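Trainee: Now for the letters of each chain:
Protein chains: 2
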Amino acid sequence: MTPKKTIGIVGGGQLGRMSALAAARLGLNCVIYTPESGSPASQVCDQTVVAPYDDAVSLKRFASMVDVITYEFENIPVETIEILKQEKPVYPDSNLLDISQDRISEKSFLNDIGIPTARWVKVEDEEKLHATLEEWESEACIIKTCRFGYDGKGQIKYNKSQKLSVAIENLHGDLIAEEIVDFSDELSVITARDYGKNIVSYGPMLNIHKNHILHKTITPAPFAQDIADQAIEMAEKLAEKLDLTGLLTLELFLTRDGRLLANEIAPRTHNSGHWSIDACAVSQFENHIRAVAGQPVAPPAPICPSEMLNLIGDDINTIDRYLTQSGACVHLYGKDSAKPGRKMGHITFLNPTNED
Amino acid sequence: MTPKKTIGIVGGGQLGRMSALAAARLGLNCVIYTPESGSPASQVCDQTVVAPYDDAVSLKRFASMVDVITYEFENIPVETIEILKQEKPVYPDSNLLDISQDRISEKSFLNDIGIPTARWVKVEDEEKLHATLEEWESEACIIKTCRFGYDGKGQIKYNKSQKLSVAIENLHGDLIAEEIVDFSDELSVITARDYGKNIVSYGPMLNIHKNHILHKTITPAPFAQDIADQAIEMAEKLAEKLDLTGLLTLELFLTRDGRLLANEIAPRTHNSGHWSIDACAVSQFENHIRAVAGQPVAPPAPICPSEMLNLIGDDINTIDRYLTQSGACVHLYGKDSAKPGRKMGHITFLNPTNED
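Chains B and R supply the protein sequences, listed in that same order. Here the working numbering is used: the first residue of the first sequence is 1, the next is one more, and so on. Here the working numbering is used: the first residue of the second sequence is 1, the next is one more, and so on.
For the record, the hints were derived by calculation from the structure and aren't laboratory data. Among the hints, a few may not be true.
Pulled a few chain B residues facing chain R out of the computed Cβ check, cut under 7 Å [what the hints assert, rightly or not]: (1) 26; (2) 29; (3) 329; (4) 331.
Being a predicted model, the structure only gives us computed values, none of them experimental. Positions of the beta carbon are idealized from the N, C-alpha and C atoms, including for glycine.
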């Protein structure tokens, strides 16, 4: 019998909640660390430490309660993980967190291991940026904050005719300028890798966004086999080069001229993998927990086509129509108020028809 | 948005655990009431009341923490439920508990509504029992305790040649004698019914026992359509006659001469429905929680054939072979020690092959 471990999860959101639910299937207990009381993840665990991310005493207490630690979102201070690492093993290693928290280190790492991205440059001054745009033969680009951006936050479209200092006045910290990519599709691959270097992947998934937030995920994605193979190869190469123990997500663009470009690394489970709870033998959350807990990862083994629909903000009011629909799997995250843009839940339609 | 309710679950075993996990999918919180600390169900909930079933003060405190109450096993004192009913609604109603806790009231109820069982008689004395056996043209019968039997406990095979008083010396309370049925198969149907009288059913499932404990459940069961229809009809009739709000299980025998006989009612989710977590859009646990929480039940919508294998006692040591098997869904219940006969977990094989 695999020794029973208690897993510490840093972060209390829905990804932590669904990871804790997956751990429970495997008979494992979780302890949540979150600054927020009554968090979605805390609701499904019998122990939570509620304290700020920089509270070293509470972090050490949390570490003493668990055997191994993971995190459920990327915007956790690396210092938090450094404190925890002194007490207990943390997976994925903070090298992944470090790389994925900064767009420049992320894209440098990807490019260095031969994974293409859209062209990019660090924003230094207007003159240099305009020179780059000329080199790219483009009038415009996307400017993003290097750190702490998500769901379209912390980015603008910049046109050469604008004064740079005015355009970026609401963007803080280091900035990166990215080539505007003429893409036909957005896709993602989720890869888990265990202590024994076994690797499994989900996808690629076809992702449809609305207002920069994931709206729908379709599996299997209708891509040509060579594109699908290439996408998986990229994510698995990334996992290997990082010597990953845990799970990561690679978001990609498919350009209209048929090239795959990496967009972002998420050092964690991903919204585009939620379908795997209902349509696979082993979900992304379970493989995450397995890898972290020192258990072998398992083949996802998808059993049917699926479509995942996010419930954002007031979408939650449409829930009744799905509750009795055959093949609809309803997931709600235990959040009390439906703020605009807030992820409240999702529906996975199994064997979806056009009406879903 | 359906108003969010907190559900109280009386009992802390694996059925409560899996019900709480199903509630969590729907964004609902559970509070567990159990005499045992660190119970399987408590591990996945942020609140548990640990107290004996006859502690009225604790029961009232528990009721004050929740909106609605259910129970996860049938051997809860009816008095416990009576105390709770004064505070908050309890589903299924205690009439079901009452009927199913006593084999005589159970069989009488079934027979009264036209659902056949094996012939039975209350055990009074040796003379009367022998007269009944003569009427049945049989040398032997099964004698069972009327109350608190499970997994083959509290029953013996009795032969006319034995002295009755000696044969039954370890059986306590009222006893029932049942005809020995020449059955080819054991099967079950699980039925959920909501406040709006909508009804859904799982099965029939084919169940294979070892040492009186469920060993395997196979779906879809290889029965002729008319047998399957009849089985479902019986379970749904039972639910309707009880005016059920909640979920129940009807265990049946299929005799070698093609008759369906009801064996037992379980007023709860059932081991033979565990496959529904992985192979259905909506599991038995979710439909139980929905009905109890005042939400509509949903079509189970099975997506593939499955085979469920119980892990009893030391079977848990075989877990490694299943962890990486494609299509195997591993479920462990968070129990620390593997006593003989103790249900430690189960595996659901999706699209099973003959090797599973």
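Trainee: State for each hint whether it applies.
Mentor: Against the structure, the hints come out as follows:
1. 26: holds (6 Å)
2. 29: With a closest approach of 5 Å, the residue 29 of chain B hint holds.
3. 329: holds (5 Å)
4. 331: holds (5 Å)
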